[in-house]
Every structure is written in structure tokens, then in C-alpha cells.
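Model the full structure from these sequences, guided by the hints.
So the chains spell out like this:
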Amino acid sequence: MKFSPKKITENVNISRTSPLKEFVCLLGILTFTVMCVYFLLGIAIDFVAPRISSETEKKIISLYSAIDSQSTNSKEERKKEEIFLQNISDRLFTKSRGVAVKPKIVFTEKETVNAFAYPSGEIVFCKGLLTKLNTENEVAFILAHEMGHYGEKHILKQLGRGTILLFITSGLFGVDNSLNSLIVNFLNTTERRFSQKQEQEADLYAIELLFKSYGHANGAISSLEKILEDKKSSNIKHFFSTHPHPGKRIQKLKQAIKKHKLENTDINF
Amino acid sequence: MEILIPLTASLVLLLIGYFIGTILEKKHYQSINDREEKFINLPSVTMTYRAASKETDMSKYSKTQLVSGGVVVSIDYFKRFLALLRNFFGGRVSSYETLVDRARREAILRMKEQSSGADMIINVRLETSTISSSAGDSETVDSIEAFAYGTALYK
Ligand SMILES: [Zn+2]
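In the order they appear, the protein sequences are chains A and B.
All residue numbers for the first sequence refer to the numbering used here, where the first residue is 4 and numbers rise by one.
All residue numbers for the second sequence refer to the numbering used here, where the first residue is 368 and numbers rise by one.
What the hints contain is simulated information worked out from the structure, not anything from laboratory work.
A few of these clues could be false.
[As the list claims (entries may be wrong)] Stretches of chain B that chain A covers, calculated by requiring three or more beta carbons in the stretch to come under 8 angstroms of a beta carbon on chain A: (1) 399-409; (2) 438-452; (3) 457-463.
Ideal Cβ positions, reconstructed from N, Cα and C, are used throughout, including at glycine.
Here it is as C-alpha cells:
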């Protein structure tokens, strides 16, 4: 047997497929599957959330208030703004529907014009917003709106969706991955957690609650205008925010107030 | 907004991994092809000594020696991600194929380079082992080691 050297020209050991094409295909299929699962489970969550008993909701909230509490001054004396806001909130709470736990107001010195409802049952109210508002009615609208996120079960829905997302990513990439901590972080920043539809629901909930508590819904529109005006001016963030048409939200609110005759024409403001 | 930053970072890493990885792989293949051509007259076969002695007169060789060549090759971020995606659906992990192929051929070439002056290498064996990032509990393969060894026959 004679050894005859021969140059190998074709490599049969490697596939001649385009890695980029494979990447796009696989990622596309995976993303599509995940989105389908997420969408379907999201529908299930929307169905289940309003049917959860207030006892269960209390348990969930207490779970979050233990780990996710925003208030730092639990032992210190509460600020006078905080007490003022808490009093309005308590008054609204007595007439509210669907709110399982009395919201605890946390007042922060932040200059941002915003207020957030947290899963822990706390409503964080920023100083920047309070200074912009002139009347108690305007303040009450904001608080009633945030209460609407509890009453309309938006918080529960968002928590459910977040949990689903965590399940999916944990299943795909393992429990301890960087994506999970990212999602948890994202869920904790409440700013853009609610959809446009949910914001409108909360607005309508708010005017209804205002009417029940005060007999009119004055201040609602000017209050909403103030908070949206600031969102509009805050540069690039607006582009990604869930409030693409602030005008539409105001329009819807005006229509609702007109329709249900919630405005008290005796009071000028 | 907050979620965009790590996403862009991953995307940039993927792009860098893809472009630089592709360039380096091309270069490596070029070098492998060139060197294989250079060593084309040094046969490396899997025949045992006994089998080889039937084919050729072994008395013409004055020295035998164990020769070996090893290499550790890693894949880029892009291909690792691609392999991860492949893990969900199954099928040919084509992004690892080139990795293993390069490692095996490089190991044989290094073995040949070590045995300069040899007439032939018999009894060639190839071993492959994987090196994971976090001591075994990682599911993804980060780099592989290929190790070739055989008996060089010198005149
Ligand atoms: Zn809201």
C-alpha cells in the first residue's frame, strides 16, 4: 500500500449554512412563541385578576409591602404634606370600590411632576406635583386616579404579567440570569407600567370617586392637564412612554364629565 | 427605557462577536489550509505499529517518539448565543461544528509541527474535552480542547 498525499478541498464536517440567517430564523420563532404564550396568559390574568377575593389581594399586598416598601420614615414623624395627602386619601377610600387595602401615602422631595401607585399599597406623591396643583380637588383627582389603579385591579394585572414574564425567562435562561433582575427592576419602576387603556380607566374611576366623595369632579381636567403637560415636555422619555396622545386622554375625560354631568357649575375656579 | 440599555449592549456584543469572530475564523481556516498543504507529505495515520509493520519495513526507522499537539479554541458571543437558541429547538448545532473542526485540525497540525523530521506518524488518536465557564454547572460550552497524539517514526 502506497501513501499518496491528497489535498482535501471540501470540508464535509461543517454545515454550509448562513449563521445570520439561522440566527434570525431561530430568534424569530422563539420570540413569536414567547409572545404568543405571554399574550394568552395575559388574557387569562385579565380574566382572573378582577375575580380575586379582597382577602387574597390583601395577602398579596402585604407580601409586597414587606419587601418593597417605599417609605423610609416609618418611625420618624410624618411630614405635614403627607398628613394632608393621607387625609384626602382616607376620605376618598371610604367611598372607593375595589380597593382592598387603605393606601398609605408616601411624600417624597423629588421635583418630578408625578405620582405612582406601588404594589405594596403605597402611593408615592412627588413634591414637584404637589407644588403644581392649586386646589384640593386637583390633588384629590391624582389620588383618586392612583386609587383607580388598585380599584380596577391594574396592579394585580401587572403583577401577574410580570410573574408570567419571570416564569418564561426563568424557563428559558435559568432562574439566576441577568434578564430576570432586569424585569424585576422594570416592574419596580412604576412610571410606564400602565397602558393607555388602563390610564383612561383610572381617569374614569377617579372622576366617579370624586363625584361620590365631593359631589362634583371639578379640578379633574386641570389636574390631568398639568401632569400631562409635564410629561410632554420631558424630552425623549415621552417617546417611549405609554401616553402618546395626552390630548386624547383629556378629551375622553371631558366627554365623560359632560356625559354624567359631574361638574358643579356653581363653583368657579 | 431602562430595558433598552442592556438590550443595546447585548446587540453590540452580538455584532462585534459576529464580525470579529467571522474574520478570525476565516483567518484561522486560511492558516490551517496553508499549513496542511505544507505538511501534506508527512502522513499521520491511525494504523497501529503492528499493522504498519506489515505494510513497510520497520527496520529502516532508527527512532520512535510520542508526539502530541493540543489546542483550546473558543467561539464568539454570537455563535454561543446561536447555539443557545439552537438548544431550544434541537437540530444541527452548526455554530459549534466549525469550532470542533478547527480545533481538531489545529491539534493535528501542531502535532505534525512538533515532529519535524519524522517520516510518518502512526497510531494517531484524537481527544476532545469541553471547558465550561463556571466549573461544570454551566450548560453552555465556552471553549473546547482538542488533543492529538501519536507515534512519530524517524529514519
Ligand atoms: Zn396612572
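Taking the hints in turn, this is what the structure says about them:
{"no.": "1", "hint": "399-409", "result": "holds (count 4)"}
{"no.": "2", "hint": "438-452", "result": "holds (count 5)"}
{"no.": "3", "hint": "457-463", "result": "holds (count 3)"}
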